[in-house]
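All chains should be modelled from the sequences, with the hints used to inform the complete structure.
There are 6 protein chains.
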Amino acid sequence: MSHKTAGTQQTPKNESAMALPLAPAPLDAEMSAYFAKCEEKLGFVPNVLKAYSFDVAKLKAFVAMSDNLMLAPSGLSKLERELIAVTVSCANHCHYCLVAHGAAVRKLSGDRMLAETIVANYRAADLDPRTRAMLDFSWKLAVEPWLIGEKERQSLRDAGFSDRDIWDIAAVAGFFSMSNRIASAVEMIPNEEYYGMGR
Amino acid sequence: MSHKTAGTQQTPKNESAMALPLAPAPLDAEMSAYFAKCEEKLGFVPNVLKAYSFDVAKLKAFVAMSDNLMLAPSGLSKLERELIAVTVSCANHCHYCLVAHGAAVRKLSGDRMLAETIVANYRAADLDPRTRAMLDFSWKLAVEPWLIGEKERQSLRDAGFSDRDIWDIAAVAGFFSMSNRIASAVEMIPNEEYYGMGR
Amino acid sequence: MSHKTAGTQQTPKNESAMALPLAPAPLDAEMSAYFAKCEEKLGFVPNVLKAYSFDVAKLKAFVAMSDNLMLAPSGLSKLERELIAVTVSCANHCHYCLVAHGAAVRKLSGDRMLAETIVANYRAADLDPRTRAMLDFSWKLAVEPWLIGEKERQSLRDAGFSDRDIWDIAAVAGFFSMSNRIASAVEMIPNEEYYGMGR
Amino acid sequence: MSHKTAGTQQTPKNESAMALPLAPAPLDAEMSAYFAKCEEKLGFVPNVLKAYSFDVAKLKAFVAMSDNLMLAPSGLSKLERELIAVTVSCANHCHYCLVAHGAAVRKLSGDRMLAETIVANYRAADLDPRTRAMLDFSWKLAVEPWLIGEKERQSLRDAGFSDRDIWDIAAVAGFFSMSNRIASAVEMIPNEEYYGMGR
Amino acid sequence: MSHKTAGTQQTPKNESAMALPLAPAPLDAEMSAYFAKCEEKLGFVPNVLKAYSFDVAKLKAFVAMSDNLMLAPSGLSKLERELIAVTVSCANHCHYCLVAHGAAVRKLSGDRMLAETIVANYRAADLDPRTRAMLDFSWKLAVEPWLIGEKERQSLRDAGFSDRDIWDIAAVAGFFSMSNRIASAVEMIPNEEYYGMGR
Amino acid sequence: MSHKTAGTQQTPKNESAMALPLAPAPLDAEMSAYFAKCEEKLGFVPNVLKAYSFDVAKLKAFVAMSDNLMLAPSGLSKLERELIAVTVSCANHCHYCLVAHGAAVRKLSGDRMLAETIVANYRAADLDPRTRAMLDFSWKLAVEPWLIGEKERQSLRDAGFSDRDIWDIAAVAGFFSMSNRIASAVEMIPNEEYYGMGR
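Residue numbers (this note's numbering), protein chains in the order written: chain G, 14 to 212; chain P, 14 to 212; chain S, 14 to 212; chain D, 14 to 212; chain R, 14 to 212; chain V, 14 to 212.
Treat the hints with care, as some may be off.
Since the list gives no way to pick one copy over another, a pair counts as held whenever it fits inside one copy or between any two copies.
[Stated by the list, open to error] Capping the alpha-carbon separation at 30 Å, the derived lysine-lysine pairs in DSSO-like fashion look like this: (1) K54 / K164; (2) K50 / K164; (3) K153 / K54; (4) K153 / K120; (5) K50 / K120; (6) K73 / K54; (7) K91 / K73; (8) K153 / K50; (9) K73 / K50; (10) K153 / K164; (11) K54 / K91.
Hints listed in this document are in silico derivations from the structure and should not be mistaken for laboratory results.
Below is the structure:
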């Protein structure tokens with residue numbers, strides 16, 4: 014249970030959130046409320062947010078983009094978006110994102126075996142053709158973005174995705190190509206709570 | 014000269030902005046003003062913005078993050094941030110970003126040879142050790158993010174960067190690792206104006 | 014509790030152990046006892062053994078080499094050998110081995126966070142210099158074996174390893190370079206029990 | 014002609030077999046007989062065996078697996094298995110295995126040009142579709158094992174291989190993925206005799 | 014305007030042509046005339062020629078091969094040959110060749126946007142199937158030459174190329190695989206004039 | 014013994030020289046003499062020359078450059094140049110060049126074991142530091158030319174090479190980066206005689 018109240022300003026500690034010792038700045042009301050909601054819903058504030066909190070403008074920009082991508086209405090389910098997150102993070106061997114989004118896959122799917130399989134290699138999972146096409150595209154975009162073209166977009170259409178869905182797949186795969194790199198560069202440390210989530 | 018007025022809503026055309034035929038949505042006042050400002054300052058609205066305009070929430074999130082990274086106060090100059098953008102885009106062979114940010118390097122540096130050199134291979138440019146270290150880190154983060162660790166961060170500190178600067182380098186390199194992929198996946202088409210800018 | 018008795022011959026089912034439908038052969042007494050011991054100690058027979066059981070001679074050769082490498086006296090602890098197994102399997106994105114040997118790391122170390130970190134990227138773990146040197150060598154041997162030479166061997170000696178230890182590191186890293194490939198080629202399916210082991 | 018008698022114990026010298034100076038242990042009767050047979054048949058004991066002889070249990074496990082893979086009944090001819098060995102060793106630039114198994118290809122095929130071609134690049138050899146499919150699979154398994162799936166297995170079936178053959182191809186390609194790495198890591202030195210064998 | 018007369022011998026300065034301080038040798042009449050013609054036609058002597066001028070025999074061999082490949086009659090237009098040059102140079106991130114041959118594409122095509130697109134990633138250009146097939150082959154030959162075979166040659170035939178054209182494509186792509194490496198190894202510096210040519 | 018006389022024109026057959034069926038053109042006197050000399054000295058005309066003979070101008074340009082690089086006075090011995098040729102050809106898995114230049118190494122060094130070792134992996138050869146530095150540079154230039162810079166050139170200087178030698182190393186490594194690709198693209202077939210040469 015969290016004792017934080019939406020609207021109070023707080024200065025989060027981030028000394029254990031990453032390898033860069035950047036002192037957190039005081040949160041504004043919106044971000045304080047956001048952190049409080051995290052504690053309420055998850056039981057903790059994800060370290061990626063604590064890491065960003067040295068600069069509230071950056072934190073807010075990150076939260077806005079991340080929440081739009083992962084939570085806003087889309088032809089992709091939330092689970093599908095998390096599967097992309099984990100697949101891209103596997104290609105990039107990103108510790109923080111594999112732990113945090115592996116947990117999200119467990120939570121959303123209720124299937125811990127699926128989560129661990131995607132962390133290891135999505136090709137070993139028993140996926141329907143739509144999901145497989147989505148992850149094939151995401152992996153290729155992650156590792157050889159210069160090769161993506163009309164043929165790859167058509168593969169997604171053939172698997173039932175709309176052009177709008179193609180944007181969303183690209184945007185989520187792109188976002189984790191960013192997050193993976195920032196997390197690796199500053200050595201973000203996953204919250205302990207993630208390891209047990211959804212088991 | 015632009016005839017658009019801040020505050021009027023407009024529906025931009027994006028049929029030539031990318032390969033996905035997503036109809037632009039009506040802009041809200043803030044984004045209308047933003048597009049008007051682009052026309053005023055640059056003479057055109059960058060196609061990346063037109064591409065994003067099918068969904069104003071996504072557009073705003075992209076603009077907020079992009080502007081924060083490239084324009085907000087930082088230990089990195091605006092030119093340095095553009096050099097990272099071009100270096101990462103070179104690693105990813107991203108047409109849109111090489112053209113658009115190559116133009117930005119020309120504009121900010123007044124040095125068209127520098128811009129073309131970074132587009133080709135930053136190692137061929139005559140760079141001071143600080144800039145070289147910054148771009149070496151960015152390249153490695155772009156192509157092998159899983160190898161980045163304390164040693165690479167220390168190289169940046171040895172070249173005079175603070176821990177806050179390290180964040181900014183990682184965040185800009187990460188951002189273009191994302192943008193490159195989205196631009197390649199949807200085949201963003203650089204505005205013609207970029208090709209002549211700063212020459 | 015297992016109802017199998019050492020010495021009785023049994024024909025294991027392997028239809029769910031891998032993608033190749035090779036009918037299991039009757040086990041000889043030695044292998045029957047071995048399978049029984051697995052059930053007793055682990056509660057199940059690892060699917061890699063069921064997969065191999067279509068040919069008892071191959072099964073026995075695999076068991077002999079595997080047990081020698083992972084269990085025989087060595088300057089490397091059993092946990093260290095499992096850390097190599099997981100590191101190499103991460104480089105090869107091998108689902109079966111990441112699940113099975115990730116479980117072994119949890120069991121031997123009692124540290125589920127360590128296990129999940131090594132599965133993701135051993136460089137993100139907080140390792141002593143000896144372990145880090147061992148895994149750096151193993152990763153390089155896994156991905157660019159043609160570059161290994163006296164310099165890499167000396168790095169291990171500098172970290173405190175004997176020449177005999179170097180053999181053992183190479184042999185374990187080599188063994189999983191084999192197992193990863195066989196498991197991927199025939200699509201071995203990790204036993205469900207692994208997912209919960211050591212949590 | 015060898016003067017060794019099966020059953021006598023001998024302590025082989027391995028100082029020239031590899032870069033690690035591990036003193037050979039006394040062989041047991043079985044291995045003494047095995048070494049004697051090598052001398053009788055080949056005229057020498059392969060250095061890989063001398064290298065392993067610092068620990069007789071490891072030597073025996075290696076011999077058992079190696080002989081089973083390369084000599085036991087299989088849908089693959091002995092020559093086919095050697096072709097896989099050389100193809101994988103080419104992908105890994107493994108000196109020891111290219112020399113030793115290149116010699117085996119010469120010996121088994123009586124075609125020194127074929128052997129030298131496979132050492133260089135199997136795609137340049139004039140191969141029937143079955144052999145080509147087998148080596149394409151082996152190369153992919155050697156360099157990108159995480160990409161192997163049903164499609165690749167089906168290619169082998171289409172070329173006439175049974176599921177059991179697929180196992181054998183995977184097992185031989187996997188085995189040399191291991192041997193290549195151990196040989197490179199300890200710098201095994203091919204016996205001089207190999208260079209002239211089969212010419 | 015050049016004051017050099019065909020037939021006079023001259024000793025070019027190459028201190029700014031590359032990183033290796035090799036003193037230029039006196040040119041013979043043929044090369045003096047050639048340099049004079051360069052100045053007449055281009056307004057300058059390309060630095061690659063100045064770099065080679067430390068040894069007139071090497072210079073002449075280079076000029077003979079280069080001119081034969083780029084200027085002699087062929088089923089490939091001069092522009093097509095320059096497109097191959099730029100595509101291969103992009104794969105190799107070769108600064109000198111991207112600047113010099115990017116300029117040639119601008120000059121021959123009159124299309125500065127095309128030139129900049131090929132420098133960035135030829136897949137983003139709006140190419141007819143023949144040109145696309147030619148550049149796909151060239152890229153593959155540049156980065157994975159060991160994979161080229163009958164299938165790739167057939168793709169060129171299917172796109173309308175003759176066997177003689179295939180030779181020419183291979184020869185031009187091969188030549189820039191050489192030039193890129195020599196230029197990078199000695200750090201050839203593009204003449205300033207290239208940056209403005211054809212704009 | 015060759016029955017050809019220098020000065021007579023001949024039309025070589027190249028149907029077995031490569032996969033492209035390009036009819037050989039009549040040789041001019043210079044090339045006829047050159048081919049005759051090959052037959053006299055080697056006992057055969059190398060297939061690379063027969064392949065090129067569909068166009069005498071191309072043949073002459075190739076011969077001029079090749080002979081200058083491999084035979085003209087240089088700080089590098091002829092054997093050293095052949096070692097570079099084989100090392101680069103190994104990186105590119107080029108069948109024709111590995112067979113032909115592997116033979117040249119055997120012939121020039123009188124050491125068939127050295128030749129076979131360089132074909133497999135030059136790092137496994139027992140090389141003096143000068144030769145090792147030369148081949149390390151050549152390998153890096155072959156596989157990652159965009160990374161070569163002052164540091165790599167300095168490594169050569171530290172190993173005793175002059176700036177002129179650096180040019181020659183780069184030029185030979187570059188030349189085989191070209192030849193490997195042309196040979197692979199047209200599938201040049203090594204003359205049978207090469208396989209036995211120098212054994």
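Hints versus structure:
| no. | hint | verdict |
| --- | --- | --- |
| 1 | K54 / K164 | neither (41 Å within a copy, 37 Å between copies) |
| 2 | K50 / K164 | neither (43 Å within a copy, 37 Å between copies) |
| 3 | K153 / K54 | neither (34 Å within a copy, 37 Å between copies) |
| 4 | K153 / K120 | within (26 Å within a copy, 33 Å between copies) |
| 5 | K50 / K120 | within (18 Å within a copy, 35 Å between copies) |
| 6 | K73 / K54 | both (19 Å within a copy, 26 Å between copies) |
| 7 | K91 / K73 | both (21 Å within a copy, 21 Å between copies) |
| 8 | K153 / K50 | neither (35 Å within a copy, 36 Å between copies) |
| 9 | K73 / K50 | both (15 Å within a copy, 23 Å between copies) |
| 10 | K153 / K164 | both (12 Å within a copy, 17 Å between copies) |
| 11 | K54 / K91 | within (16 Å within a copy, 39 Å between copies) |
Violation of the numbered hints given earlier is confined to hints 1, 2, 3 and 8; the remaining hints are satisfied by the structure.
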